[in-house]
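*Asks:* Given next are the chains, with one letter for each unit.
There are 4 protein chains.
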Amino acid sequence: MLIVMDKDATPAQIEAVVAKIQGLGYVAQPIPGGERVAIGILRNPGPVDPALFLDMPGVIQAIPVSKPYKLVSREMKRADTLITFPNGLTIGRGHFVLIAGPCAVESETQALTIAHAVKAAGAQFFRGGAYKPRTSPYSYQGLGEPGLKILAKVRQETGLLIVTEAVDTDSLKLVAEYADVVQIGARNMQNFSLLRQAGQVGKPVLLKRGLYATLQEWLMAAEYLMAEGNSQVILCERGIRGIGEHARNLLDLATIPAVRRESHLPILVDPSHAAGRRDLVAPLARAAVAAGCDGLMVEVHHEPEKALSDGAQSLYPEQFAALTRDLATLKPGGWA
Amino acid sequence: MLIVMDKDATPAQIEAVVAKIQGLGYVAQPIPGGERVAIGILRNPGPVDPALFLDMPGVIQAIPVSKPYKLVSREMKRADTLITFPNGLTIGRGHFVLIAGPCAVESETQALTIAHAVKAAGAQFFRGGAYKPRTSPYSYQGLGEPGLKILAKVRQETGLLIVTEAVDTDSLKLVAEYADVVQIGARNMQNFSLLRQAGQVGKPVLLKRGLYATLQEWLMAAEYLMAEGNSQVILCERGIRGIGEHARNLLDLATIPAVRRESHLPILVDPSHAAGRRDLVAPLARAAVAAGCDGLMVEVHHEPEKALSDGAQSLYPEQFAALTRDLATLKPGGWA
Amino acid sequence: MLIVMDKDATPAQIEAVVAKIQGLGYVAQPIPGGERVAIGILRNPGPVDPALFLDMPGVIQAIPVSKPYKLVSREMKRADTLITFPNGLTIGRGHFVLIAGPCAVESETQALTIAHAVKAAGAQFFRGGAYKPRTSPYSYQGLGEPGLKILAKVRQETGLLIVTEAVDTDSLKLVAEYADVVQIGARNMQNFSLLRQAGQVGKPVLLKRGLYATLQEWLMAAEYLMAEGNSQVILCERGIRGIGEHARNLLDLATIPAVRRESHLPILVDPSHAAGRRDLVAPLARAAVAAGCDGLMVEVHHEPEKALSDGAQSLYPEQFAALTRDLATLKPGGWA
Amino acid sequence: MLIVMDKDATPAQIEAVVAKIQGLGYVAQPIPGGERVAIGILRNPGPVDPALFLDMPGVIQAIPVSKPYKLVSREMKRADTLITFPNGLTIGRGHFVLIAGPCAVESETQALTIAHAVKAAGAQFFRGGAYKPRTSPYSYQGLGEPGLKILAKVRQETGLLIVTEAVDTDSLKLVAEYADVVQIGARNMQNFSLLRQAGQVGKPVLLKRGLYATLQEWLMAAEYLMAEGNSQVILCERGIRGIGEHARNLLDLATIPAVRRESHLPILVDPSHAAGRRDLVAPLARAAVAAGCDGLMVEVHHEPEKALSDGAQSLYPEQFAALTRDLATLKPGGWA
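Protein chains in written order, with numbering that gives the first Met the number 0: chain A, 0 to 335; chain B, 0 to 335; chain C, 0 to 335; chain D, 0 to 335.
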């Protein structure tokens, strides 16, 4: 934290700030400048609230300096995190992965039909929700445990690994039993109780960016998972609220190089929730790969018009197959 | 839903849209206009996904018409909802209330000191968190049940009713036992499992607006509570993410008249979280009252520089007392 | 500017940053902390681009410290700016003013009818555009000079002072001849050529906040006006783009106390453009007054359904009169 | 426009809406639904203000149906617009172009050095500002006409075509004399006087997306240009204000397929202003090409640390050359 004083601040005002810093147990270091004095706060173990100083006489700014995340930071761990599964698959830099499947598991036939199709097109992971967070209480909420059993069957029949969402602490344990990767959805990115327990389930966690979360807030959510001992965290950009109506969300691909710089964690992209409509999915998917992401998560449905949720942003299996052929020309996972 | 066709759409394209609507089990009503045809979708029981139609040939727009909320809507229930407590206090239109207290309950002494002060200044409710959702896993997370016991003591000693937050389904039951009003925080506005269970606890629920939620999403969250049978829902505007750094959040006072128009539920305002710094609280609080809200929730702390969370946006007790005197001149609860 | 180094930065990396700062002609001051080194940049005459340092090895952050505005800042001039007109009226702290009138001047009859009505209700200034910036080239663009002549007539007949907008440098001189206050609209807040010339016209300028401008960008636009020698600048908050559809713009009333703190300039509020619909205008107007603004600018039309622009957000004259009576109870201009 | 009535609207209320529509000179068509009545407005020549109806008794929504743009729309002109220059170069679908150069023209040596480098790397157009819109009045504002003369020299020596910005109507004519493509910057996207005159200069115009403009507002700005007779309009996405600090702006690549669908105009992407820092430029540039844009505009400087503006987001010539080699593998201009 750096406290910037008014150019006409009196020595007594400066002294009061120093005293307050010391009173909080930190070290104060005044820095005389050309026109004004600034005072650095050192040895603070965690973030300091800028507003604690903003109403002191003579103070005009209080600027946070340290970033609040630790375990997730590249500064703490230089090497890229790689997450390796029992079947030998790896998620992380240089190991591009494709996760595909329907928004929700609706039936065994539906899931298996789609799973076989996406596997044939090159996917290594199957996605599908057994529990669905829905904006309306009247919308389809998922099959629950029977949906998880269908996912287990998909894995058994196809060899695809399973990514599926835990929407609350009640269902988390069950989800973690069945899933290879537990997904935390955008609306739960700051559900700290869920994060804390997900940090303890012993399975990799895919953490979607919150609906309008900054990169820092997102990394702090990942910090919750890691602080509980789970180092197998995968970030997934899915867009934030944009303006106008041309897309459902605004995909923020600058997070890919920015996450690389700030953190060692893998970063995937979900173009489907950003698009919100089928015709935008492929351009955004290609863009994400060219920007250098570590993998994609794409919604696919063989009968999207009958889908119980998000059908309109699901690709047809043949569209997904065409997309994967396009992606193969874009050096997936190979951008420095 | 209204499907708008390209001005050069062919009869076959129009027919295909009509057929798709009918295939979904709804009624299609073509509306020939001057330049183009539009097709209304009637008799749909819930919202229809616009994107289902957007990639059909000849379709250029799909416009939702019905609003998705029912129980919370003014259209469904014309009379303002009033929530009356055993001690005779009422929350709702024409019954202005003041909720005040610290961000977090830290100790019995702290809570009682503040409670006596805010009561003397005119508050009827005491706020204070025993469970705190924090962006960083390293920040203070609240006292838990001992904090709830302190709140019970506050009620017993001062007669103030208690508003306190449930951060997850694990703590909800306990919170509901101790609280007079259960608060659902901004980060949990779309924690649907929590909402559903909070709809069953038999206590009034104060639902904060989500971090960047539209009015419609907020009302849909309230719909979750009401759909479980809880009609005692109180909305609380607390600002959404703004731009620049002059305030912590951007207080959206237009929600007050807009909620009045769309819904029968009471609407309070929390100026403290919008402000983020002490000197902005009073102007925003006065503005909220003049805009016609049904009450305020204000953070107050007698030693804010020692507060374990959000101290910098807490008023000193004497500032809160001065504010309540100012508010009294602003016709609280009396604007048509 | 403060350059924060990686905790493992080498002495050579730190030295390279120091050398770069010195190469730019500034003074570098290393600040050793507990865990890492930061380096202050001193004696820089203007803002330094943080990105100049961000790709240097060992640098993890570059944080601007100085605020870029000078003439507009409270730090430079402690006393509130008061703008006094030949007829004795004053705009500025403690001198609450009401500006009212139609969006656009449409005819002499229209203008005079409305002017007499708003004067009777207590307005001191008449607003009305002779030149209108419109999102569509097919919308009404204003009467041009004949509109200005009508405004002159309004002043002559009613004694109201005239606020009217200059939309470009071509019309600026003419507008400045007729107007008592020249308005710069939200879309032109960063039209720097217009700002520069408006700084030279010798009339007070009312500068609306840009469509999505931060407080700092807004003050920098005012700095353009002042840098040309015009010290008679009036800020006007009118809301920024919000989310959802319940209002046209999101009125940001925290700018009132924040402008007070950062600047000596008067700040008015336009509730009409924030509201976008008649029924939201009065609540937002009352809120702005209670928050402590120095005046309001309100759209009024006697036949809004026939207005050539923005009719739907215009109050009827009798609504405006009722509003002014309400405002009188809210201590206009009297909040500390 | 579709007016949606309350489910309990009376026949008299419905009749009043119909009468108001007819009074405005349009045709009203009531559409009885299952639960409520809606009323379509037909034969309106331009957009209708929804708010005109929102305060009528019994009205609960007013939904715009027609899009306001005409000349720019794909519906009006099905074929992609191609802009061909005297030297045979074309901008438009299937003709990928590279525009590169410094933010500002600083000297003949600087401009020629960079021009030769970007030409060698494959650029066909040179960019560089002689007039610079700057947030601060104290920042470098460009060389003016001497800068334009340098640009002419660049064209003469290298054969590169020139893209340069007109910041106001005063400089527009001069800029149009020297430029092959006149650029309108983001801050001027709704400077309607400038747009109108730029529609008359007889040169292609590159129109950047406004700082926080919706796709519709952007297309309406293009409509201004086309309404004056200029059919040679090129759109350029450059990002809108995002959240957090990881990038300068949030690049919105969904506009590429969305513009394709809505309009026949070419769409380029400027990754430099979105990035704001050198290390983000290449990932965003690659993403834009993979998403299917018609060209890129990239800032390049051989001595960025000495640049008078935006140095920190400028690529070194060798970085630009490496980028163009990467882009060549991404099927530039070749995505369906």
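Watch out, some of these pointers could steer you wrong.
Copies of the same chain look alike in the list, so a pair counts if it fits in one copy or across any two.
Unchecked claim - No more than 20 Å apart at the CA atoms, straight line, and that leaves these computed lysine to aspartate or glutamate pairs for EDC-like:
hint, residue 1, residue 2
1, Lys76, Glu34
2, Lys202, Asp7
3, Lys330, Asp7
4, Lys6, Glu317
5, Lys66, Glu244
6, Lys202, Glu74
7, Lys305, Glu261
8, Lys76, Asp325
9, Lys152, Glu176
10, Lys330, Glu227
11, Lys118, Asp325
12, Lys202, Asp5
13, Lys66, Glu156
14, Lys330, Glu302
15, Lys330, Glu74
16, Lys6, Glu74
17, Lys69, Glu261
18, Lys66, Glu34
19, Lys69, Asp5
20, Lys69, Asp169
21, Lys172, Glu302
Hints are computed from structural coordinates only; laboratory data are not their basis.
*Asks:* None of the hints should be skipped; say for each whether it holds.
*Replies:* Status of each hint after checking the structure:
no., hint, in the structure
1, Lys76 with Glu34, "between (39 Å within a copy, 16 Å between copies)"
2, Lys202 with Asp7, "neither (57 Å within a copy, 32 Å between copies)"
3, Lys330 with Asp7, "neither (58 Å within a copy, 33 Å between copies)"
4, Lys6 with Glu317, "neither (66 Å within a copy, 31 Å between copies)"
5, Lys66 with Glu244, "between (34 Å within a copy, 12 Å between copies)"
6, Lys202 with Glu74, "neither (25 Å within a copy, 47 Å between copies)"
7, Lys305 with Glu261, "neither (42 Å within a copy, 27 Å between copies)"
8, Lys76 with Asp325, "neither (34 Å within a copy, 30 Å between copies)"
9, Lys152 with Glu176, "within (13 Å within a copy, 43 Å between copies)"
10, Lys330 with Glu227, "neither (35 Å within a copy, 45 Å between copies)"
11, Lys118 with Asp325, "within (16 Å within a copy, 30 Å between copies)"
12, Lys202 with Asp5, "neither (52 Å within a copy, 31 Å between copies)"
13, Lys66 with Glu156, "neither (46 Å within a copy, 43 Å between copies)"
14, Lys330 with Glu302, "neither (31 Å within a copy, 31 Å between copies)"
15, Lys330 with Glu74, "neither (28 Å within a copy, 36 Å between copies)"
16, Lys6 with Glu74, "between (35 Å within a copy, 7 Å between copies)"
17, Lys69 with Glu261, "within (10 Å within a copy, 34 Å between copies)"
18, Lys66 with Glu34, "between (27 Å within a copy, 12 Å between copies)"
19, Lys69 with Asp5, "between (33 Å within a copy, 13 Å between copies)"
20, Lys69 with Asp169, "neither (29 Å within a copy, 28 Å between copies)"
21, Lys172 with Glu302, "neither (31 Å within a copy, 42 Å between copies)"
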